[in-house]
Amino acid sequence: YIDTVPFSEWDESNGWRHPEQAAVGAANPPSQFTGREAQTIVINGELRPEVTGGDLSIEVLKRMADTGRPWPLIRGSGRLMGSYVIESISNKQSGLFADGKARNISFSMTLKKVSDHPFGLEGEALGLAVGMVRSLVGI
Numbered sequence: 038y039i040d041t042v043p044f045s046e047w048d049e050s051n052g053w054r055h056p057e058q059a060a061v062g063a064a065n066p067p068s069q070f071t072g073r074e075a076q077t078i079v080i081n082g083e084l085r086p087e088v089t090g091g092d093l094s095i096e097v098l099k100r101m102a103d104t105g106r107p108w109p110l111i112r113g114s115g116r117l118m119g120s121y122v123i124e125s126i127s128n129k130q131s132g133l134f135a136d137g138k139a140r141n142i143s144f145s146m147t148l149k150k151v152s153d154h155p156f157g158l159e160g161e162a163l164g165l166a167v168g169m170v171r172s173l174v175g176i
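Residues are numbered in my numbering as their position in the sequence shown, beginning at 1, plus a constant of 37.
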């Protein structure tokens, strides 16, 4: 996977489900909390191929998305965000050189959280199994 891609914007969206249930004569139908929506993050950035990577960085991200696997997301501060799948990637190239290479590549990537554990569902299951064994043996 790719070590890092510099970005300039981080747009995080969180939601919670409260479906309504129709009731006869009720002006405001009652709702019930049924859980949290999957978190989505949109990352926007600009690559300068001479300095911060270029076409290859975008291609690596596309190949990561092609696997359909969740990937760990770690903020620059070192904070583990969990595991995310790449839902979409778009890029715009500008300042083209004579050979067609871009001087600037602006990109946007949409991520969807699939697990709080940075190593995906397998890591989460392993963590639960280790916790069960520890409780059984009294560690």
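Hints are computed from structural coordinates only; laboratory data are not their basis.
Being a predicted model, the structure only gives us computed values, none of them experimental.
The reader is advised that the hints may include incorrect statements.
[Stated by the list, open to error] Okay, the calculated beta carbon distance ranges per label pair:
#1 Asp103 <-> Asn141: 21 to 31 Å
#2 Ser114 <-> Asn141: 44 to 54 Å
#3 Phe70 <-> Glu124: 19 to 29 Å
#4 Leu117 <-> Ser45: 30 to 40 Å
#5 Gly62 <-> Ser145: 19 to 29 Å
#6 Thr71 <-> Leu110: 44 to 54 Å
#7 Arg112 <-> Arg73: 37 to 47 Å
#8 Asn141 <-> Asp48: 17 to 27 Å
#9 Glu46 <-> Pro109: 12 to 22 Å
#10 Ile126 <-> Ala64: 14 to 24 Å
#11 Met101 <-> Ala75: 53 to 63 Å
#12 Glu57 <-> Glu96: 42 to 52 Å
#13 Arg73 <-> Leu133: 15 to 25 Å
Where is the CB? At the ideal position from N, CA and C, for every residue including glycine.
Hints, verified against the model:
| no. | hint | result |
| --- | --- | --- |
| 1 | Asp103 <-> Asn141: 21 to 31 Å | holds (25 Å) |
| 2 | Ser114 <-> Asn141: 44 to 54 Å | violated (27 Å) |
| 3 | Phe70 <-> Glu124: 19 to 29 Å | holds (25 Å) |
| 4 | Leu117 <-> Ser45: 30 to 40 Å | violated (22 Å) |
| 5 | Gly62 <-> Ser145: 19 to 29 Å | violated (47 Å) |
| 6 | Thr71 <-> Leu110: 44 to 54 Å | violated (26 Å) |
| 7 | Arg112 <-> Arg73: 37 to 47 Å | violated (20 Å) |
| 8 | Asn141 <-> Asp48: 17 to 27 Å | holds (21 Å) |
| 9 | Glu46 <-> Pro109: 12 to 22 Å | holds (21 Å) |
| 10 | Ile126 <-> Ala64: 14 to 24 Å | violated (45 Å) |
| 11 | Met101 <-> Ala75: 53 to 63 Å | violated (18 Å) |
| 12 | Glu57 <-> Glu96: 42 to 52 Å | holds (45 Å) |
| 13 | Arg73 <-> Leu133: 15 to 25 Å | violated (44 Å) |
Of the numbered hints stated above, those contradicted by the structure are hints 2, 4, 5, 6, 7, 10, 11 and 13, listed in ascending order.
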